[in-house]
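Fit chain B to the known structure of chain A by using the hints.
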Amino acid sequence: MREITYLEAVREAMQEEMRANPDVFLMGEDIGVYGGAFGVSRGMIEEFGPERIRNTPISEAAIAGAAVGAAMTGMRPIIELQFSDFITIAADQLINQAAKNRYMFGGKGKVPFVLRTPAGSGTGAAAQHSQSLEAWMAHIPGLKVVQPSTAYDAKGLLKAAIDDDNPVIFYEHKLCYRTKDHVPEGSYSIPLGKADIKREGTDVTIVATAIMVHKALQAAVELEKEGISVEIVDPRTIVPLDEETIVNSVKKTGRLVVVHEAVKRGGFGGEIASMIAESEAFDYLDAPIKRLGGLPIPIPYNPILEKAAIPQEEDIILAVKETLNRV
Amino acid sequence: MIDSVLQNDKKITEEKLQELLHQMWLIRFFDEKVDEFFAKGLIHGTTHLCVGQEATAAGAIAVLEERDKITSTHRGHGHCIAKGADVKRMMAELFGRVTGYCKGKGGSMHIADLDKGNLGANGIVGGGIPIAVGAALTSQMKKLGYVTISFFGDGATNEGSFHEAINMASIWKLPVIFFCENNQYGMSGPVKEMVNIVNIADRAKSYGIPGVVVDGNDIFTVMKVTAEAVERARNGEGPTLIEAKTYRWKGHSKSDGKKYRTREEEMEWRTRRDPIARMEKVLIEEGILNEEQARSIEQRAKQDIEDAVKFAENSPMPSLDSLLEDVYA
Chain A
1 MREITYLEAV
11 REAMQEEMRA
21 NPDVFLMGED
31 IGVYGGAFGV
41 SRGMIEEFGP
51 ERIRNTPISE
61 AAIAGAAVGA
71 AMTGMRPIIE
81 LQFSDFITIA
91 ADQLINQAAK
101 NRYMFGGKGK
111 VPFVLRTPAG
121 SGTGAAAQHS
131 QSLEAWMAHI
141 PGLKVVQPST
151 AYDAKGLLKA
161 AIDDDNPVIF
171 YEHKLCYRTK
181 DHVPEGSYSI
191 PLGKADIKRE
201 GTDVTIVATA
211 IMVHKALQAA
221 VELEKEGISV
231 EIVDPRTIVP
241 LDEETIVNSV
251 KKTGRLVVVH
261 EAVKRGGFGG
271 EIASMIAESE
281 AFDYLDAPIK
291 RLGGLPIPIP
301 YNPILEKAAI
311 PQEEDIILAV
321 KETLNRV
Chain B
1 MIDSVLQNDK
11 KITEEKLQEL
21 LHQMWLIRFF
31 DEKVDEFFAK
41 GLIHGTTHLC
51 VGQEATAAGA
61 IAVLEERDKI
71 TSTHRGHGHC
81 IAKGADVKRM
91 MAELFGRVTG
101 YCKGKGGSMH
111 IADLDKGNLG
121 ANGIVGGGIP
131 IAVGAALTSQ
141 MKKLGYVTIS
151 FFGDGATNEG
161 SFHEAINMAS
171 IWKLPVIFFC
181 ENNQYGMSGP
191 VKEMVNIVNI
201 ADRAKSYGIP
211 GVVVDGNDIF
221 TVMKVTAEAV
231 ERARNGEGPT
241 LIEAKTYRWK
251 GHSKSDGKKY
261 RTREEEMEWR
271 TRRDPIARME
281 KVLIEEGILN
291 EEQARSIEQR
301 AKQDIEDAVK
311 FAENSPMPSL
321 DSLLEDVYA
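Line order of the protein sequences matches chains A and B. The opening position of the first sequence corresponds to residue 1 in full-length UniProt numbering, with each subsequent residue numbered one higher. The opening position of the second sequence corresponds to residue 1 in full-length UniProt numbering, with each subsequent residue numbered one higher.
Careful, some of the hints might be misleading.
[Stated by the list, open to error] One side only, chain B facing chain A, incomplete, derived with CB under 8 angstroms:
| # | residue |
| --- | --- |
| 1 | Leu-119 |
| 2 | Ala-132 |
| 3 | Gly-134 |
| 4 | Met-168 |
| 5 | Gly-211 |
| 6 | Val-212 |
| 7 | Val-213 |
If you are wondering where the hints come from, they were derived from the structure by calculation, not from laboratory data. All residues carry an ideal CB built from backbone N, CA and C; glycine is no exception.
Isolated chain B (complex conformation):
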């Protein structure tokens, strides 16, 4: 698989693969740190962690260009990091500081980074899907050539917005990719109890577009499948629905006792399907990096997150003067 990725896409160099490994570690350490601080009461509100799902965000966004856009979900830290956000400003946002992406007004669920083409996380399940269609419409009408990926979870595919948006994008052949991160649970609802089909990707048939199932914990497969969908979209052939089967290691959000799943199931995904360990193993086997370099990449990511925490802690709180600002343009 790695050969086909390297061959298919000349932009994916060995250096880029090392960067992607670093990025996956960044995503993991970011969310683990958030989890820790949350438990200590240092971060308030709520937050939804994507530990275990690093390969979908990093893999799908790796095949995009800078001008391409994404919409994200409430479990969106990984997408945000993969699209080029600064983890310092992200952490500062979670700390509610003025240096955060939203000046402390958005928090975990509402980070946007428009300069990098991230049109925003979303607190509403399925809320970003029609927005991605609108961004794709702009690309088509202004002939800008960019592609938009809309990330959403398995639960969102039962929302009306998913079906309305995908149908509209299909009839207009818009350059948008519907990327379902099927992490097996919509909050506590197991996907098999909420959907009467085995593969969510099969829903693509209803809209006359390709639907592809992919191992969401294998970054190389994610990259390959997404690259094909991006090419289709750029060629004016319209959208693709990608379903990446993955797993969130943590609960839905805080105070989730995870009574709806077994310890065995969790351990199976953690020990045998860890997307980072899998990628690292392949890179070492292929001679792209050695064990020592692998540890160094991991350490660098850990340090980046420590630096982000320091930056956040040392950043000022917003002043009350800013309370009424930015409601209207």
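Looking at chain A on its own, in the form it has when it is part of the complex:
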């Protein structure tokens, strides 16, 4: 099977959906001739034209709000915010409008749109362009939150997100954009709410999201050399969350390490740890749950500091060993 990058997979999902359904269109800043801040929509304006690849002014609230209004009236907009940090500027429309709309209006109508946005650190863009705010979005009933880690997942999940009748926040990790993966040419979709076991193992479960899946996979290779067998579960969507797969994995291994890039305090890892503590898997635990996340600081500019702000492969290795009492 051919290999394409995560970035190309996202683009391909949009192209396939736009070819299949005239109600789907893309809206955002510089997504036209420029091709988007990270080049995700490069070339799409040639195929679909400026009506459907709709360049907007720099107006995040209007972009998100127009997506809500268009979605309520029969379109299926995809909107791109250049950096996930800018969700803060669109927050009213996402949190107070899109997420509440269906429930507060008594179940009438639907708001099917996807907000795509690059998240995470590692590019030297510092504090206002590097945040991981997914826990904030996950906290809001009415939104769905997707975090693909591979090109294969990105294509399949984006297609499912576009087909979903609810507002979906689709986080694309910037450092994943250039990663390559086997991706089928045909149409396929991955249901939201279905975790993927990225690696099978027996000694310890690592639940990792986005770029941390890759770091965990590297850590697992190192740990294997020491005879430690790691299972890696990638939830892929944190809302809805596939609790069953995580619980079953922990029941099998008896140990859990949760790792994400977002600040540990108030992060989604706490949710996963609590979910396990409240589940039948608690009785299977042979060690305390370990939780790894970003330090409680804005992401610094200096590359050494930037790297130190978030969990790295060696941190994951250490955490796994701690759960096994093998430090």
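Just chain B now, kept in the frame of chain A:
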């Protein structure tokens, strides 16, 4: 003015004008009843009444077609009624009953009536403005030909969402009308202390679209100006900003002592500029109805609201089973 309304728009018949008078009474009696029940503790939460502003909702929406859409505000009962909502279901919603528009989950600030093209009231100042732009975008992209009116207050024009939305609609020439109901106060903030220009409509200049000031308590002027904006929008000429100068007779919401304005000012608007009395006077002068018919229209509206109250009181409360329903489609 009434002649020009009747001449300009063949759809506005004498019968329609009588209906509009009935509608304004419905709006007034609805909100006065809500006020009364609120004081008695029969309606909970909070509510924002549009007594005194009946001509903007009824007048602007009168020139729309059924397929056209609106977005509304937290002071939205009038828009909702004018767009064709059933006052029974509205009252039931305020009573938190399952027969309400939102099954008792939305309340006063969150009534939507999608079947009638009402995309929703809004608890966030300025929140509905970008949504109206999105609805207009659908109309343009699917060539559906409908127009969307976004209602908002003077306070909303100081929100970023107003400026972002109006700019976006202007550059794309979307079929949307930005309708500012300037009722002189954003909560307790007098508009003249919050805006350094006399007319909010002047803000249209920044976006290259027409801005029109209109007497918001004169339904005929509101209809005429809105009809022109609707025509522009339908012809693909883009948005218009309409500023209707009006006044809310009641406070912002409950427990508003109205210390920020004078009794004299209130009386001036109530006695000399009452939009319903003004319309009724014109209709009688023009021979469209007589005094007796006028009283009968008023009585009918009063009875409609009494019926709505009965319907609401006799409707069941939602069951706890519905608590988790409708978060996701």
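Okay, the hints, checked on the actual structure:
1. Evaluation of the B/Leu-119 hint against chain A yields a held restraint, the C-beta minimum of about 6 angstroms falling below 8 angstroms.
2. Taken as an interface hint, B/Ala-132 checks out: its beta carbon lies about 6 angstroms from the nearest beta carbon of chain A, inside 8 angstroms.
3. With a least beta-carbon distance of about 2 angstroms to chain A, the hint placing B/Gly-134 at the interface is held under the 8 angstroms criterion.
4. The interface hint given for B/Met-168 is met, as the beta carbon of that residue sits about 5 angstroms from the closest beta carbon of chain A, less than 8 angstroms.
5. A hinted interface residue such as B/Gly-211 counts as satisfied when its beta carbon comes closer than 8 angstroms to some beta carbon of chain A; here the least separation is about 19 angstroms, so the hint is violated.
6. Because the smallest distance between the Cβ of B/Val-212 and any Cβ of chain A comes to about 22 angstroms, over 8 angstroms, the interface hint for this residue is violated.
7. Annotation: B/Val-213 was flagged as interfacial toward chain A, and the flag is violated, the nearest CB pair being 25 angstroms apart, outside 8 angstroms.
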